[in-house]
Amino acid sequence: MTTFPFFFLESFRRFGRRICLLAMSSTKCHSQSLPHKMPQDTVITTKDLKLTSDRTYDNDGMRRRAACLCFRDRLEKEVLLITSTHDVSKWIVPGGGIDPGEEPQHAAEREAHEEAGATGTLGRFVGIFENKEKNIRTWVYAFYVENLQEHWSESKSLARRRQWFSLEEAKKMLSIHKTSQVQYILSVEKT
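Counting with our numbering, you get residues 7 to 197 for the letters of the sequence shown.
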């Protein structure tokens, strides 16, 4: 087994406050936010890491994400889940980081298209969900799928799969890998 040393790439400072420290090995990039308040939409640039996007943080220092509960129709009885990039046997809700200057609803719609190959109509706002352990705040929206691309970018590049699940089945699948995402479905079931 080969181990790779971590290289501390950069300690970001803005307005005299330390915001984030990034470390990287040859296989993973880790970030640890410190518990300081930051200006809204502070951008932590990751260009030196050759990652595809910048991370944005809110006033509380939480990473901003957006996700879609992709429903087969407006009855909201079946939801589309995708496989995790870390383990293709585990299922997750399509979602990802909000780009600098991007509105959460646009990020959610973009992620549904990129990760699930889904196009459709953005529906109601479901809620904002926090994962304090991972320092993430996620804006979640209902999304009504009108078309699924047969081949989409992440099906090719990441071997990602997708599948329709009843809400009960989806809660079971999410509880295996992404327990925080079970709350999205529970919130929908309450309305």
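Keep in mind the hints are simulated off the structure, nothing from the lab.
Keep in mind the model is a prediction, meaning the values are calculated, not measured.
Honestly, I wouldn't trust all of these hints.
In silico BS3-like pairs for lysine-lysine, Cα to Cα no more than 25 Å straight-line [said to hold, decoys possible]:
| no. | residue 1 | residue 2 |
| --- | --- | --- |
| 1 | K83 | K178 |
| 2 | K96 | K138 |
| 3 | K83 | K96 |
| 4 | K162 | K83 |
Hint-by-hint comparison with the structure:
1. K83 / K178: holds, 15 Å
2. K96 / K138: Since the Cα atoms of K96 and K138 sit roughly 22 Å apart, the hinted pair holds (cutoff 25 Å).
3. K83 / K96: holds, 21 Å
4. K162 / K83: Cα-Cα ~28 Å, so violated.
Hint 4 from the list above is the single one not met by this structure.
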